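The lines below spell out each chain.
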Amino acid sequence: MEIMQVIGSLVCTHRVAGLGHMHLRVLRSNKGKLSVAVDPVGASAGNWVFTASGSAARFACPDPNTYTDLTIGGIIDFWAPDG
Amino acid sequence: MEIMQVIGSLVCTHRVAGLGHMHLRVLRSNKGKLSVAVDPVGASAGNWVFTASGSAARFACPDPNTYTDLTIGGIIDFWAPDG
Amino acid sequence: MEIMQVIGSLVCTHRVAGLGHMHLRVLRSNKGKLSVAVDPVGASAGNWVFTASGSAARFACPDPNTYTDLTIGGIIDFWAPDG
Amino acid sequence: MEIMQVIGSLVCTHRVAGLGHMHLRVLRSNKGKLSVAVDPVGASAGNWVFTASGSAARFACPDPNTYTDLTIGGIIDFWAPDG
Amino acid sequence: MEIMQVIGSLVCTHRVAGLGHMHLRVLRSNKGKLSVAVDPVGASAGNWVFTASGSAARFACPDPNTYTDLTIGGIIDFWAPDG
Chain A
14 MEIMQVIGSL VCTHRVAGLG HMHLRVLRSN KGKLSVAVDP VGASAGNWVF TASGSAARFA
74 CPDPNTYTDL TIGGIIDFWA PDG
Chain B
14 MEIMQVIGSL VCTHRVAGLG HMHLRVLRSN KGKLSVAVDP VGASAGNWVF TASGSAARFA
74 CPDPNTYTDL TIGGIIDFWA PDG
Chain C
14 MEIMQVIGSL VCTHRVAGLG HMHLRVLRSN KGKLSVAVDP VGASAGNWVF TASGSAARFA
74 CPDPNTYTDL TIGGIIDFWA PDG
Chain D
14 MEIMQVIGSL VCTHRVAGLG HMHLRVLRSN KGKLSVAVDP VGASAGNWVF TASGSAARFA
74 CPDPNTYTDL TIGGIIDFWA PDG
Chain E
14 MEIMQVIGSL VCTHRVAGLG HMHLRVLRSN KGKLSVAVDP VGASAGNWVF TASGSAARFA
74 CPDPNTYTDL TIGGIIDFWA PDG
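Residue numbers (our numbering), protein chains in the order written: chain A, 14 to 96; chain B, 14 to 96; chain C, 14 to 96; chain D, 14 to 96; chain E, 14 to 96.
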């Protein structure tokens, strides 16, 4: 999974049926790359999240038939260097 | 999903049967990378779109047996920084 | 799908059974990256082709049990900027 | 599979149900890229591990319904140049 | 598929069950990137090989339940620019 930050939402009137009513978030990696993910956890702009890609992205949605290749898996509270 | 811009169409007389009659669009990322996607939503040159890759690309087609690894999922109207 | 150019063929005496008798082509992207693809369409050196990756690569073969992650999907005649 | 080093753990109160109670580790590649993986082998910070991605990541978990795209496959004792 | 060179073997006492007794090889791309692959063809250090990734990596193993995302598909004898 990747670590990314939510920077906004995406509005798309014309889209394929398989995405349902899921919110689409615009994410930015720490290298500045933008991606679009569906959001089943309710993240807000500024949140750091981790994302699941590939077929895991579909299964991570409440409806596994959602046609996504990137899904927000969780909101990061903090991460701790071990030991 | 990725954000890309439609820059043209691709003509291929010899192609595998599994792509049916789907239109093939040439897309460009904001870093200049070119890709080819099938287009079930009817995008035009200049449109900014988001794309689904991997197995999600197949399911996003009207015929899930379309042998694509990249499909246009929607045309972006605009995106809004939240908050 | 990606746009690549055929630059040669690959000879491999020892290979896994699952690739059958498919021809293996060496392809080069416009950034110089080399890849190996199976070729169900009969491309020649110098041809520009588009390729399907991931699970779509397997389904694009006449025998869907071909164990490939990259398959030539078609030979590009030309591409046209729209409009 | 990729070679990466464990540098910490991730705490996420809000996450999708499909990750169960698996530990989430933060990994760093030798190029400095950070990723998040589930850890069924019990790695510690500082360990060098190899990771399985894609659908293999799910199957490498005790519960194959874990919705991960990156799983630690083993802790590297050492690697030996052959011959 | 990618072209890579075998540079060594990997020893991992603690690893997930799903990799069976397959040998793990360390491979290097021509850009210096290191990866780990299972080896059903018996490659030696110095050999140039091509690799299958994703779900094809699993199917290319004698036991399709091997939890790998990278498998050596064949040893390259030579490659010939066509024509």
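Please note that the accuracy of each hint is not assured.
[Unchecked claim] Cut-off 25 Å, straight-line C-alpha distance, at most; resulting in silico cross-link-like pairs (PhoX-like, lysine-lysine):
1) Lys44(B) / Lys46(D)
2) Lys44(B) / Lys44(E)
3) Lys44(B) / Lys44(D)
4) Lys44(E) / Lys44(C)
5) Lys46(C) / Lys46(A)
6) Lys44(B) / Lys46(A)
7) Lys44(E) / Lys44(D)
8) Lys46(B) / Lys44(E)
9) Lys46(D) / Lys46(C)
10) Lys44(C) / Lys44(B)
11) Lys46(E) / Lys46(D)
12) Lys44(C) / Lys46(E)
No wet-lab data here; the hints were simulated from the structure.
Computed from a predicted structure; not experimentally measured.
Okay, the hints, checked on the actual structure:
1. This hinted pair checks out: Lys44(B) and Lys46(D) have alpha carbons roughly 19 Å apart, not beyond 25 Å.
2. For the hint linking Lys44(B) to Lys44(E), the alpha-carbon distance of about 21 Å falls within 25 Å, and the restraint holds.
3. Annotation: proposed proximity of Lys44(B) to Lys44(D) holds, straight-line Cα distance about 21 Å (limit 25 Å).
4. Under the criterion of a C-alpha separation no larger than 25 Å, the hint pairing Lys44(E) with Lys44(C) is consistent with the structure, at around 13 Å.
5. For the suggested pair Lys46(C) and Lys46(A), the alpha carbons sit about 21 Å apart, so the restraint of at most 25 Å is met.
6. A C-alpha spacing of about 9 Å is found between Lys44(B) and Lys46(A), which places the hinted pair at or below 25 Å, so the restraint holds.
7. For the hint linking Lys44(E) to Lys44(D), the alpha-carbon distance of about 13 Å falls within 25 Å, and the restraint holds.
8. Note on Lys46(B) and Lys44(E): the hinted pairing holds, with a Cα-Cα distance of about 19 Å set against a maximum of 25 Å.
9. This hinted pair checks out: Lys46(D) and Lys46(C) have alpha carbons roughly 21 Å apart, not beyond 25 Å.
10. A distance of roughly 13 Å separates the Cα atoms of Lys44(C) and Lys44(B); the hinted pair therefore holds under the 25 Å criterion.
11. Of the supplied pair hints, the one linking Lys46(E) and Lys46(D) holds, its CA atoms being roughly 13 Å apart against a limit of 25 Å.
12. Annotation: proposed proximity of Lys44(C) to Lys46(E) holds, straight-line Cα distance about 17 Å (limit 25 Å).
Of the numbered hints given earlier, the model fails none.
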